[in-house]
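2 protein chains.
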Amino acid sequence: MPQRIDFTEETSDDVVQASFARTPDPRLRHVLQRLVHHLHAFARDVELTQDEWERGIAFLTETGQMCDDDRQEFILLSDVLGLSMLVDAITNRSLSANDEVTASTVLGPFHVVDSPPRGNGDTISLVDGGEPCLVTGRVLGSDGTPLPGALVDVWQADERGFYDVQTPERTPRGNLRGLFTTDDAGRFHFRTIVPAAYPIPHDGPVGRLLQLTERHPYRPAHIHFIAGAPGHHPLTTHIFVAGSDYLDSDAVFGVKDSLIKEFPVVQADPPAEGADLPLPFRHCHVDIRLDVAR
Amino acid sequence: MPQRIDFTEETSDDVVQASFARTPDPRLRHVLQRLVHHLHAFARDVELTQDEWERGIAFLTETGQMCDDDRQEFILLSDVLGLSMLVDAITNRSLSANDEVTASTVLGPFHVVDSPPRGNGDTISLVDGGEPCLVTGRVLGSDGTPLPGALVDVWQADERGFYDVQTPERTPRGNLRGLFTTDDAGRFHFRTIVPAAYPIPHDGPVGRLLQLTERHPYRPAHIHFIAGAPGHHPLTTHIFVAGSDYLDSDAVFGVKDSLIKEFPVVQADPPAEGADLPLPFRHCHVDIRLDVAR
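One line per chain: the protein sequences are A and B, in this order.
Residues in the first sequence are numbered consecutively from 0, following numbering that gives the first Met the number 0.
Residues in the second sequence are numbered consecutively from 0, following numbering that gives the first Met the number 0.
No lab work stands behind these hints, which were simulated from the structure alone.
Hints are not guaranteed to be accurate.
Pairs count within a copy or across copies, as identical chains cannot be separated in the list.
[Said to hold, decoys possible] Cut-off 25 Å, straight-line C-alpha distance, at most; resulting in silico cross-link-like pairs (SDA-like, lysine to any residue): (1) 255 x 13; (2) 255 x 27; (3) 255 x 34; (4) 255 x 7; (5) 260 x 22; (6) 255 x 184; (7) 255 x 217; (8) 255 x 169.
Construct the complete structure from the given sequences, taking the supplied hints into account.
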């Protein structure tokens, strides 16, 4: 048995790290030891008081108890602390170092329904309302080669800022969701409505944290995409609507300049994919460039 | 509105700290900004993967959902990560720098029943069983001056390692708890039984963490004390039984050398406070030295 050394501010990091030294899984051991290191550094840095520690325990407890099948308050907490985006950045290091491929961003908490497979040209908007919009796009390799047969999973909020699962009384499951396959030229297109900006759920402890810190809970208007093709690294990202509110203050830090796209109004001379659509409509074109899988 | 800068591994710390810049309470602002700094440093340091992040979210969620009125799993987590002891060390910096006063240690999760006021010489052991023990002690100022009228709050586990609230079927509330007042010479004494070592509750996520890391859940045998006297800093501490198992590997890091006391067997010549006790019994003497309140 090792000689015990007294627990002090100076020794705490070493003493607790040593307690994890027999962890069989080397990765778990490393992650826990570094967690201890940074957690203790935080407490020493701010000279955390007993009262603040108690309030922290109560906040974490309430956050856990807010979670159920439809609500994940710890993911919201991770989102508003920027941890989700940081993990995304670490995961996609190769992408962020490569201007030739499309940038990633967070998955978000609403990818909870399998997107219904749809054909190019279909609409994903199954109920009335909203401003008509045509989305055209291509899936490409990083060298610009079109990728036929690529899968494009799409989901978005409606014109009031709600996903299908949030308004089951007026929107069927699968509304504003679709799974498309690119054609021989790597192209896809679908009809939809322009999404609205919306607040993340803010009636729990994370909402209270935002309120106490004078942060708003809103996300700018966006459409989610997951694109995948054989031999390529799958990409989770958004396209943000240029001119939307909150582009400069997304509550979850998801915006990147390269992901903001114009949605111009088409008054005449529609693109071929929108030749049969009543004018006017909004139009967004997005090329998604995927990195080669490593 | 501030100019947005893209969220990257390099900018994440600054971007998220800036989001808290309008927090009205300066202490909350500081704690949150430093939390972000250390949290992001941890994620970058270990290159936290998406899968590990998901497992972390699930662990925290389960920890919150394990909590109820009788069980505080987040405090257990803080305890086994050494955070509780570190906050104690920070809170009691003036004590740890002063060899003349008794060292502090963690409160623990079992101070949930008000200790019944008792007279010096009373027993706190209300049921049969266990090895008889006499505890004598004094409450002193840091210069050794006896402190009359000081309050000494005592609680402990029984000979099987359980607190009263854990075994309501065989021990009344208040068993092995007592609130004593020192006499004119600053003295207190009471009868009890020798406590046993015991495991912290380990049937939840914290227990699973200990198992995965090959750490045991045990605490060495100890008696809890909170001592307070007018004009003095109140002290929360334990006295550990010399020779107990786990003194070198307390699951919550609470042991300090200066808090380990002998509990010798008295076969003859009992101290005055134990003159009427049947021989043999164990005896522990503890002087608690309090710091002057600042």
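- Message: For residue 255 and residue 27, with the copy left unspecified, which applies at a CA distance of at most 25 Å: within, between, both, or neither?
- Response: neither (32 Å within a copy, 28 Å between copies)
- Message: Regarding residue 255 and residue 184, is the shortest C-alpha distance of 25 Å or less found within a copy, between copies, in both, or in neither?
- Response: Classified as neither; 27 Å inside a copy, 72 Å across copies.
- Message: One pair to classify: residue 255 and residue 217, alpha carbons no more than 25 Å apart. Within, between, both, or neither?
- Response: within (16 Å within a copy, 50 Å between copies)
- Within, between, both or neither, where residue 260 and residue 22 count as close if Cα-Cα is 25 Å or less: Cα proximity of residue 260 and residue 22: none, with 48 Å in one copy and 32 Å across.
- Checking residue 255 and residue 7: alpha-carbon separation at most 25 Å within a copy, between copies, both or neither? between (44 Å within a copy, 9 Å between copies)
- Query: Is it within a copy, between copies, both, or neither that the alpha carbon of residue 255 lies no farther than 25 Å from that of residue 13?
  - Reply: between (40 Å within a copy, 15 Å between copies)
- Message: For residue 255 and residue 169, with the copy left unspecified, which applies at a CA distance of at most 25 Å: within, between, both, or neither?
- Response: For residue 255 and residue 169, the Cα distance exceeds 25 Å both inside one copy (33 Å) and across copies (63 Å).
- Intra/inter-copy verdict for residue 255 and residue 34 if alpha-carbon distance must be at most 25 Å: between (29 Å within a copy, 24 Å between copies)
Checked against the numbered hints given earlier, the structure breaks hints 2, 5, 6 and 8 and satisfies all the rest.
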